[in-house]
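Novice: With chain A's structure known, arrange chain B on it following the hints.
Number of protein chains: 2
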Amino acid sequence: MKHLDWRTLSSRSGPQLPLFEVRFDQVEHPTSGAQMDRLVLSSVDWVNLVALDTQGQLVMVRQHRFGIGGLTLETPGGMVDPGEDSRTAAARELLEETGYGGGRWAYLGAVQPNPAIHDNLCHHWLAEGVSLQREQELGQGEAIQVELLDTSEVQASVQSGEIRHALALSALARVYDLWPRPYVQDPAE
Amino acid sequence: MKHLDWRTLSSRSGPQLPLFEVRFDQVEHPTSGAQMDRLVLSSVDWVNLVALDTQGQLVMVRQHRFGIGGLTLETPGGMVDPGEDSRTAAARELLEETGYGGGRWAYLGAVQPNPAIHDNLCHHWLAEGVSLQREQELGQGEAIQVELLDTSEVQASVQSGEIRHALALSALARVYDLWPRPYVQDPAE
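Protein chains in written order, with the working numbering: chain A, 1 to 189; chain B, 1 to 189.
In isolation and in its complexed conformation, chain A is listed as follows:
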């Protein structure tokens, strides 16, 4: 689609940050030819998962998040290490953050966390029938409380706004019916 396709003319590295490789791409507007610099935050893929224990309870984590400076209730997850596949990363994060493991696994798909800025994907997995295998194994930068929720508690926590991490909701929405629908009126009425 020629009228939408920007051309990247050059790239230069930006300032050093943790978590991301900062890059500026010099780009050219497809029709006007105007040139400008655009920010890219490049990183490894992320992963999170909907983990259900042998009773069908959802295994969630409550933790302080430094961006918002407050607590979140969210799905276990983290970064896919270089050379790791997203399923291995999801199983590793689940075990480290919660001590749960095992179960039957299915891929739920991937989303672009924010394609305007980030170049990575967040992969979603479903693990059914997980069970407690050992104690949490937290990094020195983590303090995480495990919580088990049944379906009605998941829905209530979403609707109250207690769960509002976009990427956690993205995974959960593929398994649970989270919001009352339809809002939409039939235009014929």
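Across the chosen pairs, the derived CB separations fall in these ranges:
id: 1; chain 1: B; residue 1: Gln136; chain 2: A; residue 2: Arg7; range: 18 to 24 Å
id: 2; chain 1: A; residue 1: Thr54; chain 2: B; residue 2: Ala156; range: 33 to 39 Å
id: 3; chain 1: B; residue 1: Asp81; chain 2: A; residue 2: Ser11; range: 25 to 31 Å
None of these hints come from the bench; they were simulated from the model. All values reported here derive from a predicted model rather than from experimental measurement. Just so it is clear, CB atoms sit at the ideal spot from N, CA and C, and this is done for glycine as well.
Specialist: What follows is chain B alone, placed relative to chain A:
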């Protein structure tokens, strides 16, 4: 929750970037007392919307996104300007990006785009019965094609992965049934 509550000891500004104010918070682990620096990308809130025209067709935008370096199909949206409320911002972005306006409006809630790093919210609005009011009014950094989708096309585009912007999906999932459910087996079976 004392065992989860990190203390912020100090903050310092990081390098200058467009779109975000970069900050490093020096934080203290709630139980170990270990101190470390954590990155925060501070910004205004974002907004996007599910806009349905008088025939019930979804008004979407196709555009190049610089993070992924490729085209997306997504909901109209953008940044909430300082002093602006999210509904005004949504109506402004819809008009600028698509030329559509009017309609009946309802708030669909807000999500944290990524509470680990970002401090802002993304607000979701529903606008039913919008109609074409004028031509697009694009900034020099934009090239946007408007597309109208019916419900089956929305679902097909999500399931094929053509729509996979997490924040667009977050808005759409509050109005449309996007994914086949349930994946989950009853643990009693």
